[in-house]
Amino acid sequence: MTMLKPLAFLILIVCTTFVVTQCRTIQPNDANLIQQTCKKTPNYALCIQYLNSDPKAPSADVTGLALIMVNVMKNKANIAINKIHQLIGKSPPDQKATLNSCASKYNAIVVADIPSAIEALQKGNPKFAEQGANDAANEANSCENGFSGKSPLTAENNAMYDVSVITSAIVRLLL
Amino acid sequence: MDRTNNSNHDVPFSYVSLPIGPHEDEAPVESRGKWKARPVVFCGLLVLVSLVAFNGYKGSNGNITTLTSNEDLKQKTIPSHKWKPVSRGVSAGVSEKSNRLFTKSNNIGGMLFPWNNTMLAWQRTAFHFQPEENWMNDPNGPLYYKGWYHFFYQYNPNGAFWGDIVWGHAVSRDLIHWIHLPLAMVADEWYDQNGVWTGSATILPNGDIIMLYTGATDALVQVQNLAYPADLSDPLLIDWIKYPKNPVLVPPPEIEVYDFRDPTTAWLTSQGKWRISIGSKMNKTGIALVYDTKDFKTFERIEGILHAVPKTGMWECVDFFPVSTKLDIGLDTSARGDDVKYVMKVSLDDDRHDYYALGTYDENGVDFVPDDTNKDVGTGLRYDYGVFYASKTFYDQSKERRVLWSWIGESDSEDADVAKGWASLMGIPRTIVFDKKTGSNLLQWPVEEVERLRMKRCKFHNEKVMPGSVVLLNIGSASQLDIEAEFNIDKKDIEKIKQTNEEYNCETSGGAANRGALGPFGLLVLADEGLSEYTPIYFYVVKGSNGNLKTSFCSDQSRSSLATDVDKSIFGSTVPVLEGEKLSLRILVDHSIVESFAQGGRTCVTSRVYPTTAIYENAQLFLFNNATEATVTASLNVWHMNSAFINDKQVKLKS
Chain A
1 MTMLKPLAFL
11 ILIVCTTFVV
21 TQCRTIQPND
31 ANLIQQTCKK
41 TPNYALCIQY
51 LNSDPKAPSA
61 DVTGLALIMV
71 NVMKNKANIA
81 INKIHQLIGK
91 SPPDQKATLN
101 SCASKYNAIV
111 VADIPSAIEA
121 LQKGNPKFAE
131 QGANDAANEA
141 NSCENGFSGK
151 SPLTAENNAM
161 YDVSVITSAI
171 VRLLL
Chain B
1 MDRTNNSNHD
11 VPFSYVSLPI
21 GPHEDEAPVE
31 SRGKWKARPV
41 VFCGLLVLVS
51 LVAFNGYKGS
61 NGNITTLTSN
71 EDLKQKTIPS
81 HKWKPVSRGV
91 SAGVSEKSNR
101 LFTKSNNIGG
111 MLFPWNNTML
121 AWQRTAFHFQ
131 PEENWMNDPN
141 GPLYYKGWYH
151 FFYQYNPNGA
161 FWGDIVWGHA
171 VSRDLIHWIH
181 LPLAMVADEW
191 YDQNGVWTGS
201 ATILPNGDII
211 MLYTGATDAL
221 VQVQNLAYPA
231 DLSDPLLIDW
241 IKYPKNPVLV
251 PPPEIEVYDF
261 RDPTTAWLTS
271 QGKWRISIGS
281 KMNKTGIALV
291 YDTKDFKTFE
301 RIEGILHAVP
311 KTGMWECVDF
321 FPVSTKLDIG
331 LDTSARGDDV
341 KYVMKVSLDD
351 DRHDYYALGT
361 YDENGVDFVP
371 DDTNKDVGTG
381 LRYDYGVFYA
391 SKTFYDQSKE
401 RRVLWSWIGE
411 SDSEDADVAK
421 GWASLMGIPR
431 TIVFDKKTGS
441 NLLQWPVEEV
451 ERLRMKRCKF
461 HNEKVMPGSV
471 VLLNIGSASQ
481 LDIEAEFNID
491 KKDIEKIKQT
501 NEEYNCETSG
511 GAANRGALGP
521 FGLLVLADEG
531 LSEYTPIYFY
541 VVKGSNGNLK
551 TSFCSDQSRS
561 SLATDVDKSI
571 FGSTVPVLEG
581 EKLSLRILVD
591 HSIVESFAQG
601 GRTCVTSRVY
611 PTTAIYENAQ
621 LFLFNNATEA
631 TVTASLNVWH
641 MNSAFINDKQ
651 VKLKS
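If you read the sequences in order, they're chains A and B. At position 113 of the first sequence the residue is numbered 113 (this note's numbering), and the sequence of numbers has no breaks. At position 92 of the second sequence the residue is numbered 92 (this note's numbering), and the sequence of numbers has no breaks.
This is chain A alone, in the form it adopts within the complex (with noise of 0.2 angstroms):
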């Protein structure tokens, strides 16, 4: 009878090794990636913020993490695409021809910098998503250079530059 104590003890060590060791392949150390990973970008607060709010993040790995920012860019895109759009009636004539280009710019982004990035992250091939994120925050940039100063697209220009840069840098990381 007294022999049932130490072995249960035993029992509960073995148990409690083995339960945590599960934990840790369940969440190796997703949490600290995503952190590391955003550490190595220019905006890191942007950078968690987004990561952290895609349910896939703390599972993936850096392709994908750069791959939730691509998707995060798309969004964006899309997003300025459909300011664009109901910018484009009601804009007064030295805008018109801008907002036309920078609807050129954004559809260059979503049809040619996104599709791009995506294949090449999941084929392994980075240096291709490194070149569509840089081209989309360029796009961005002379979109938003286009309005001498007075844009009503900065907030969306920001925000696809911004999310632009996060995402070249996870791809250089890649590299």
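Some hints could be false.
[Said to hold, decoys possible] Here are the computed lysine-lysine pairs in the PhoX-like style, where the Cα-Cα straight-line distance is at most 20 angstroms:
1) B/Lys245 with A/Lys40
2) B/Lys311 with A/Lys127
3) B/Lys284 with A/Lys40
4) B/Lys284 with A/Lys127
5) B/Lys245 with B/Lys311
FYI, nobody ran anything at the bench for these hints, they're computed from the structure. Predicted, not measured: the structure shown is a model, and the values here were computed from it.
Fit chain B to the given chain A structure using the hints.
Showing chain B alone in chain A's frame:
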């Protein structure tokens, strides 16, 4: 596509032997003997001769075209306002060093340049290889077979951006005039479903052609596959068969499944086996794996690696080949001997540049040893200091030369690429030989066949260019040029200036606007007459301690365009100039690509240029000298270049 800028070349030029005076028409009449129409022929010839003579005389004084006027030769300083950054509004925002990412600017008064079709159409090249539309990247499997040069390339049939990659195919008799053929390979097997990527050709002694290429499988693993022509009796090699038991190589266990690509051409070992190399990485060390095979179907992993260099990252597009140290010819990839050195070349994923090192190869030890460990693979010399990546050589057995192909990407925005419907070019193929004079680098030079495109030549001899002057060269429209130039700095100027510890670096120099005692001087290409846009290609000489001269060769895109959404880096490097050598350069200008070669190809710089104004008949060529002390004497030959009409021909095949 608008190719009408060639229209001013419809007039007969001086390469056709022209009688210059009326007395030269007697000969044809004499040899014809009795003929009733003789007087008519005589008169017709007289008319023709005078027309031609009038044209030839009007255009220039024979072959020597003078500069615009004496005024231009006087001490005309470059107006300082013209040398300030031209991109309005984007103040300090555009960083020369950034890899195509502009820093965000809080700018005011920025100007957006909506690219119009006229500007975009001008960008298409006249004599560089490019498909009719869409995206292209790495050159693949170049080879010479049965009288034809074959060229394959990474191609996206669906857009002007990377993706959905398949193998394009084209053939040529002369490496310049190309005929597009149907796609050679598409992504139709599980082992290349996600990409038919880069590969190389090996021609076996019995005439078989082996193509090894990387496939991205349905499970996104990078593997190597074998393919071969369906019909070797077809010189156009239209159809290709993929080996049914592909893949022939899968990533070894210690390598990541996405770090295993771009197999090389094979070379014969002394054991009679074929050996290939595949680039990869372990952590941040770039490495080259080695495999042997007898039949290209089963491979044996050779222990160790051909070479490794820490901190260089993933090695893409490895190339490994012998060069002769004695002869100016190329060598077969399997050549070996006493007068042979080896070149190891890699494309670094990290910085998108191609590096090479010269060294020795120990077959038994499977070891490449660089001649200079300070200039190792990935840390030393580059093939080209501009936009130039994923390059690959092949041995052209018909002319005993080694020829280099390279992918030249765009430096503009994706928006422009989508609008113009295409992205990327190939550089003009270059021969590669060992530089016997320095013993420590390669020489690259455009293949001689490109010279067949030369038309009218304008020659300038010993033009003195004073410090701080710009000289318009009156050659006419300047979008398609082949330029050979030599420069001499007055010895007295060199002697009188002080020695300096200056280390000039093209990339951080601020470009041609920043004046030194002995530089910069050179040419302004794709420049408009008002100099609102121009691209200086120049030398910059520094007199260091011991009075030794150090020369840099640069291509400056910082003022190449008024547009704000194009890359405006400055590219270049130092170039060895030996005792007694003049400074010499060659430039190929072909619309939006400029390829520059210094000292016979010791240092090469390729750049992409996208002017908004200096296009069509507004594109001009200038000589310039922005040094403060040196008077420079320049002699040049400038040829107008014909088009190669690459995208005017389509081979339509019966199915």
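We went through each hint and held it up to the structure:
1. At roughly 44 angstroms between alpha-carbon atoms, B/Lys245 and A/Lys40 are farther apart than 20 angstroms, so this suggested pair is violated.
2. Pair hint B/Lys311 plus A/Lys127 holds up; C-alpha atoms about 17 angstroms apart against a cutoff of 20 angstroms.
3. Distance restraint check for B/Lys284 and A/Lys40: the Cα-Cα separation of roughly 17 angstroms lies within the 20 angstroms cut-off, and the hinted pair is therefore satisfied.
4. Between B/Lys284 and A/Lys127 the CA atoms are separated by roughly 15 angstroms; this keeps the pair inside 20 angstroms, and the hint holds.
5. A threshold of 20 angstroms between alpha carbons decides the hint, and for B/Lys245 with B/Lys311 the separation of about 36 angstroms lies outside it, so the pair is violated.
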